[in-house]
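Enquirer: So you can see what is in the structure, the chains are spelled out below.
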Amino acid sequence: MILLNAAEMDALALSHPDLLHRSIWQRFRVPIIAVAVILYFIFAWWFFAVGKVVGSANWGLAGNYLADWVSYEIRPDIEIATDGSMQINYPRFDPIGPNPNPDWLEARRETVTRTIETPAPSAPATPTTPSSSFSFMAPAPSQQSETAPAAPTVETRIEEVVTEAVVQMGPERLIDVQPDRVVLTRGDEVVILTLDRAADQVLAQGPLPEWAEQRSVGGRVTAYFGFSGWADISADRVRLRKRFLGWENFFFDTNSVFFDKSAGEVLSLIVSGNRIVPGQSNLSLAWNDILYNPSWQHLDVWTKLLQTIVMAFIGTLFAMIVAFPLSFIAARNIFQNRPANQLTKRFFDFLRSVDMLIWALFFTRAFGPGPLAGISAIFFTDTGTLGKLYAEALENIDDKQREGVRSVGAPPATVQRYGVVPQVMPVFASQALYFWESNTRSATIIGAVGAGGIGLKLWEAMRTNSDWENVAYMVLLILIVVFLFDGISNYLRSKLIGPRNH
Amino acid sequence: MPTSVPATTLSGNGLLIERHWQQLAGQRRVYTLISGVLLLMVVSGSLWFANETNAGKFFDRLPHLFDFVGDLIPRDGWEIWRALFDLPSPYEDGSLKYNYVEGRYYITDNLYIPEYFYKMVETLNIAILSTIIGLIFGFMLSFLAAKNMTRNVWVRGTARRVMEIMRAFPEVVLAGFFLAILSLGPLPAVIAVSIHTVGALGKLFFEVIENADMKPDEGLKAVGASWVERSWFGMVPQVMPNFMSYFLLRLEINVRASTIIGAVGGGGIGEQLRLSISRGHEAKTLAIILLLLLTIIAVDQFSAWLRRKLVGDQAFQAI
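As given, the protein sequences belong to chains A and B, one line each in that order. Residue 1 is where the first sequence starts when you use this note's numbering, and the numbers rise one by one after that. Residue 1 is where the second sequence starts when you use this note's numbering, and the numbers rise one by one after that.
Among the hints, a few may not be true.
Unchecked claim - Computed, partial: chain B to chain A, Cβ under 10 Å:
{"hint": "1", "residue": "I34"}
{"hint": "2", "residue": "G36"}
{"hint": "3", "residue": "V37"}
{"hint": "4", "residue": "L39"}
{"hint": "5", "residue": "M41"}
{"hint": "6", "residue": "V42"}
{"hint": "7", "residue": "I73"}
{"hint": "8", "residue": "E171"}
{"hint": "9", "residue": "G176"}
{"hint": "10", "residue": "V264"}
{"hint": "11", "residue": "I277"}
As the list claims (entries may be wrong) - Covered stretches of chain A, going by a simulated chain B footprint (3 or more residues, C-beta under 8 Å):
{"hint": "12", "region": "28 to 35"}
{"hint": "13", "region": "43 to 54"}
{"hint": "14", "region": "183 to 194"}
{"hint": "15", "region": "309 to 318"}
{"hint": "16", "region": "335 to 343"}
{"hint": "17", "region": "365 to 377"}
{"hint": "18", "region": "454 to 462"}
Read the hints as simulated data drawn from the structure, not as lab findings. Ideal Cβ positions, reconstructed from N, Cα and C, are used throughout, including at glycine.
When you get a sec, could you build the whole thing from the sequences and use the hints?
Expert: If you want it as structure tokens, here you go:
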């Protein structure tokens, strides 16, 4: 080991000052950059008004939308008539179908004697719309008294009606709707709400727990049951939202004959059942019902997805085919003509700099919305990008091979074929593959401006704010396609240029 | 190349070799032919499909190729200039088409930023902010995803899967989702582009780390450095030039991406472009295209210059 005394060390330090005394920038660049970035963040916070936007955002909505990705709601309404009989209604397009009888909603029926008022048949005969001297404000009672004798015929009949509805909202979560009260159970907490229809009031017995909310005394009560939904209780009506995990009616829509049948039933129908529609086999009927399922639109989604794939594939392939010869003209060392080199390079720059967005709009105007516009947009942009990359790769090649081929007297075309192409071809193909893969992703987004593919469909599904499950379905398909092509492209590229360099 | 083969009669072994070679060459030709035919079929099928599902058919619409340009002829050439700098137009008739002055952003009482410059700055800021966010998170994730820095398969696998999903998740969905929550504005675009950038940069970064020289790391390990110290002093100085180069490349890409995101509702210049095209405002559209073109060229040139400074000519490769 060599030992130095202090004087020698100082002498060494003096003779190499640059090693020990670095410039301020070298010494403090990390804190300087960090401070600059933080300052920029503060600027961006102010510029984009982040605080205000985030503050006014509707985060409850975000949770709902996210839940919609993987679940759906069924929305029964329980109406309670004055005599306590109930009617359970489902909205027309509810995913539960036209004949709902779910096992989570138990309706207890009783036979009762009801007095039903039927509206007077003579109503049109009585002039209810009076002359212009009439005001809407005052004379309503007198009008009623006028028509009263002629009006409702009271009928008494014996009917079976729903008198109690018990809704299972999940494990240990129960809503028991009775004519005069609603009992909510969540775990060991029980809330009893008394319904006073005469005063149109909902009264809670005792204080409400956290998960139930009543804005004003006697007003509506909203009870939340977490993911499984919520209920909105007023004196004559209980609105329910029950959430189920999964995608509803993914295969068969409510108006298909196969709706609500288990896989086994559908299979047995297809294999051995009688023809449901004469002249069409059950298999083709089922397949047709799946393809044209109105809420999922499988066929349309698949067509659009295929368009996106085709756009990326054809666009990149053609870009490669066109950029390949052009890059030879653009490369200084291959085509020794300065103006031609510069012209081609500027042409590439132009294609690249006119954004893909503008090309997409240009070709959407030319060809109409659809994949042709997308193909052309990708083709034009990527011809520029690939051409530039290819020209750079060509300018960096090893000249010895060309010299070798030329020295044996080969004509110029042969020199390029055997002296240049073998060197650059793997790189060219690898770059084209990379662009193919990345274009599969970007083709989605130019679709949203009308250039074909799944982008527009995705955008439309999102705009409605209620079809998030369709969005999830399309995203899933896109992810599968992207991962698949990622894998193919990585595999091909590692075959071409070795596993290390992709 | 002059080639002449002397006519020698081959012996038994020679014939065998010759036959073998012929067989191999024949096999190769057949494979080439098959893949060529296959490719041709895929391509022609794709083209047919694209043409069939397009709104207009290729050959019918070809004469209309330059309709877009035809729609963009302004009333007079100076209109573009006026639209670009928000100068009052002589054709001002109260309609949206010529109301250039209204979009001004006043800084002081008489100093203003023209509308499109302001929007362009907004788009640029979307790109810069999201690239920086992508750099920070991509940087952190890449060390977890690199084989030579993280030995734990689960951590590495998770980091890689997270980045893959971030990269592959369609930006348009992210933008649309946050648009629904945050309402209109540039923030959804920032989030969408950032998430994508984290994934994209992270992947490039961890490949750089895996290709780095492990000797400094070994040295640090020998003197008992912690994982963070090994990363910071052994790895970062090596990989930083490449990271910066990728960062700048990503910035170029993100300027374009934020323009497109803008066009689907993310604010900035993209939205202005789409609006002015759909409303048929020629001068405004041309002004925006011009501004966009110049900005993209400027950003590209600046980034190329900076990259050359940072890593020399070698790292001038995209991807």
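Enquirer: Now tell me if each hint is right for this structure.
Expert: For each hint, the structure was consulted:
1. Interface restraint check for I34 (chain B): the shortest CB-CB distance to chain A comes to about 17 Å, outside 10 Å, so the restraint is violated.
2. A least Cβ separation of about 13 Å between G36 (chain B) and chain A goes past the 10 Å threshold, and the interface hint is therefore violated.
3. Of the supplied interface hints, the one on V37 (chain B) is violated, with its beta-carbon coming no nearer than about 16 Å to a beta-carbon of chain A, more than 10 Å.
4. Taking 10 Å as the C-beta cut-off, the interface hint given for L39 (chain B) holds, the closest approach to chain A being about 9 Å.
5. A distance limit of 10 Å between C-beta atoms decides the matter here; for M41 (chain B) the minimum to chain A is near 13 Å, and the interface restraint is violated.
6. At a threshold of 10 Å, the smallest CB-CB gap from V42 (chain B) to chain A is about 8 Å, leaving the interface hint in force.
7. Violation of the interface hint for I73 (chain B) is found here, the shortest Cβ-Cβ separation to chain A being roughly 14 Å, above the 10 Å cut-off.
8. For E171 (chain B), the interface hint holds, the least distance from its beta-carbon to any beta-carbon of chain A being 6 Å, beneath 10 Å.
9. For G176 (chain B), the suggested interface contact is upheld, since its CB lies about 4 Å from the closest CB of chain A, less than 10 Å.
10. A hinted interface residue such as V264 (chain B) counts as satisfied when its beta carbon comes closer than 10 Å to some beta carbon of chain A; here the least separation is about 4 Å, so the hint holds.
11. Checking I277 (chain B) against chain A: minimum C-beta separation of about 6 Å stays under 10 Å; hint holds.
12. Against chain B, the region 28 to 35 of chain A contributes 0 residues with a C-beta closer than 8 Å to a partner C-beta. That does not satisfy the three-residue criterion, and the hint is violated.
13. Restraint check on the region 43 to 54 of chain A versus chain B: 7 residues with Cβ-Cβ distances below 8 Å, three needed, restraint holds.
14. Residues of the region 183 to 194 of chain A lying with their CB closer than 8 Å to a CB of chain B number 0, which falls below the three-residue condition for coverage.
15. With a cut-off of 8 Å between beta carbons, the region 309 to 318 of chain A has 5 residues touching chain B; three or more are needed, and the interface restraint holds.
16. Coverage of the region 335 to 343 of chain A by chain B is violated. Counting CB-CB distances below 8 Å, 0 residues qualify, and the rule asks for three or more.
17. With 10 residues having a beta carbon nearer than 8 Å to a beta carbon of chain B, the region 365 to 377 of chain A meets the requirement of three or more and the stated coverage holds.
18. With a cut-off of 8 Å between beta carbons, the region 454 to 462 of chain A has 4 residues touching chain B; three or more are needed, and the interface restraint holds.
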